[in-house]
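J.: Residue numbers (the numbering used here), protein chains in the order written: chain U, 1 to 86; chain Y, 1 to 304; chain W, 1 to 391.
Heads up, some of the hints might be wrong.
Here are the simulated EDC-like cross-link-like pairs (lysine to aspartate or glutamate), alpha carbons at most 20 Å apart as the crow flies [stated by the list, open to error]:
1. W:307 to W:260
2. W:302 to W:224
3. Y:89 to W:218
4. Y:89 to W:260
5. W:202 to Y:96
6. W:225 to U:4
7. W:49 to W:37
8. Y:250 to Y:171
9. W:194 to Y:96
10. U:10 to W:303
Covered stretches of chain U (in silico footprint by chain Y; criterion: 3 or more residues with CB under 8 Å from a CB of chain Y, positions within the stretch not fixed) [stated by the list, open to error]:
11. 14 to 27
12. 45 to 54
13. 62 to 68
The set of hints was computed from the structure by calculation and includes no laboratory data. Remember, it's a predicted structure, so these values are computed and weren't measured experimentally. No residue lacks a Cβ here, since even glycine has one placed at the ideal position from N, Cα and C.
In case you want the letters, here they are:
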Amino acid sequence: MRLDLGAIAKAGSSKANQTGSWRNYKPIFHQVKCIGCGLCKIYCPEGCVTMIEKKKYTVDYTYCKGCGICAEECSSSDIEMIVEEK
Amino acid sequence: MSTTTLTAPKEQSCTLLAPGHTACTGCGEALAAKLVLGAAGTNIIVTDATGCLEVFTTKFPQSSWEVPFIHSLFENSAAVAAGVEVALKALGRQNEAKVIAQGGDGGTADIGLQALSGMLERGHDILYVCYDNEAYMNTGVQRSGLTPFDCMTTTSPCGELSWGNKHNKKDMPSIAAAHGIPYVATASVAFPKDIENKVKKALSITGPKYMQIHSPCPLGWRSKPQLTIQVAKLAVQTGLYPIFEIENGKVTKVRKVTTPKTPVEEYLKIQGRFAHLFKSPKGKEEIQKIQEIADRNIEKYGLA
Amino acid sequence: MSTTFIEGSIAVAKTVGVCRPHVISAYPITPQTHIVEHLSELVADGEVKAEYVNVESEHSAASVVLGSSATGARTYTATTSQGFLLMIEVLFNIAGMRLPVVMTCVNRAVSAPINIWNDQQDSMTARDSGWIQLYAEDNQEASDMHLQAFKIAENKDIMLPVMICMDGFVLTHSFDPVELISQEQADKFLPPFKPEYYLTPKNPLTFGAMVGPDGYMETRYFIEKTMHASLQVISNVATDFHNQFGRFQGGLIDTYKVEDASLVLVAMGSIIGTIKDIVDELRAKGQKVGVLKVRSYRPFPKDEIYKALSHVKEIAVVEKAVSLGYGGILVNEIKSVFYGKPKTPKINGFILGLGGRDITADTIHQVIKETAKAASEEKFVGLNEALIGGK
Ligand SMILES: Cc1ncc(C[n+]2csc(CCOP(=O)(O)OP(=O)(O)O)c2C)c(N)n1
Ligand code: SF4
Ligand code: SF4
Ligand code: SF4
Ligand SMILES: [Mg+2]
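All chains, full assembly: derive it from the sequences and hints.
T.: Laid out in structure tokens, this is it:
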């Protein structure tokens, strides 16, 4: 980062900002009925869903804001939103 | 579900729009930008207009952009991109990167329209992407030229004498197409594979390209964050947000609406920005007017 | 070295050409047109290998060079008056992003009423923008300054844009003998532009990030600090230029017969030439008069001005601009030079030549006469009494 040269920032440095703390609801990826469609990963606005293997997806709670899109769009209702315990 | 044909793309360790950005939960614009970058890959240089996307991705010293990025002002994203493109040429670096300009609907169709028109007319090899969330969100949901008819915003409130926005949504894709450019497309965050295909196709074409992506804003539309995709899908299925491609002036491809057709109420009723239409019997007449807009789109683009 | 009898605009265009700009973008407006028309010809003829972008407005002209500069290109634009005002949002942005763009501000009055003639109200509106502003006295200097401008702007310790201000019509449209700069000479003087950071996928940085209350002030502090550092760089570059070309038109300031003067006129731009003639005339009559040219207006060379004028009894600041609601602009800054110093001369300010109003020998004589009167004053000189009801 260079503030002296007009606010130049480093690529991808927002990863330092752990937006998971925003969460009121938390997606639970049951990894039971998953058919591996990948929609949860594709639709996540935070880009924090990853594929572990073909029919197993997981979420990085460091960034997940708990919007619930993944649960809403899951092809096999395999993601559940629960209240975040804080 | 109509999109189950989607297959998971090749695994990436992370997206090119890095997490940690500060978009509201369920933000359609963040999703749209993530999808555009994912399709475009790393050999790009992107510009962006002032607006939500710029603000939630570039809070110094942090940035969510994993690709070279420049933000200058609200109305000059297209002109800055033109500068980047000619510089690459002048420096003999034109094979280094494709140039993508970005802006919100306000930065594109209102205050940035002149710079965009100039860029399109001069034939720069640039893909311009408008993230259309149908209002000035960054400044608190004011009306823009792309705000739909009868939509409530903070500067087009409903009241005794008002049903919200009096004007029809500006036909920005046609304006872009009228420049005689090779490629114009609309898309929606509800259909990510379509976005991917269109971005890839656009980047394979030399010359100016314009793409407008419908990007729900839970905050401004007063819709539930988890419904972002559902809302976007209904806009397309009702015909209110026609999805098409215009190649060299001709409509070449459209996404059909559902049969039987989905009434616009289905779309309107899940958004607070249209809630006033459901509160009195007279609102029905207004909803009918909106249905007519959808019907005209279906007719015009052959969406049935 | 040979001189060419040439129009000021063409001389400037040719100098910009030998600076090897990669990207030029501009929008036509009188009296800037001849500069950019000639540059577009040089590009069309392949004499200058640059991309010339015909934009749809000055806002976009400045935005194009902003984007190009951030991509690592050497860039140039030019405008005046209304175009300058339309550009101004981008001008602040260019400076804030530390992009070493070089531009010519052809000085012209601003509307309303619309008026295409010379004064310096346009560039004055960008006084606080973070651009280095240099004012040219004649066409030789205007031409030479452009080569110097790139060297100042691109200095890795500076990285600020530079604006060369030249009086519209008075300089741009006048034919004068000018020693033009050859390609070889320019290449020897000006190294290629190699910025430390630029837009490239090889190092994907974010330019133009949003900075909150936690850092914005520091960005201003850095520019202010750099402006101070640029004082030295501007004089060094003028000296380098002198060494290579044998011409010296001043560094931060220039003085003419100031050393023993009791009255000094202070001004910027082409009016200096007119004043010099009067100085010669009065000197012949035994009057101790001199003139100080402010060449670098931003950064403002307080110390150099004080050093040059500390012995002077009377100062008359003449300027082609006005801060409506305050009065003279330069005069205020000249006064501030003497604040807290042991001796303060009498300082009078004169606003003249607005909207192309003739500045004749009589005008300057009147300034000198007014200065001789007792109190410090600020005055419009050369008003048409008939138009203001004889008041
Ligand atoms: C010249 C100028 N006018 C107004 C603004 C204030 N402003 C900043 S962003 C914005 C709205 C952006 O709306 P849009 O382009 O639709 O993007 P969104 O935030 O909705 O994504 C406005 C009005 C500005 N930054 N610059
Ligand atoms: S809840 Fe939202 S943010 Fe969290 S993983 Fe699902 S889609 Fe992503
Ligand atoms: S959306 Fe559901 S079914 Fe599809 S990959 Fe994700 S968890 Fe599996
Ligand atoms: S206001 Fe709307 S567009 Fe802006 S970040 Fe929030 S959801 Fe996204
Ligand atoms: Mg918007």
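J.: Compare the structure with the hints numbered earlier in the document and write down the numbers of the violated ones, lowest to highest.
T.: Those not satisfied are hints 3, 4 and 10.
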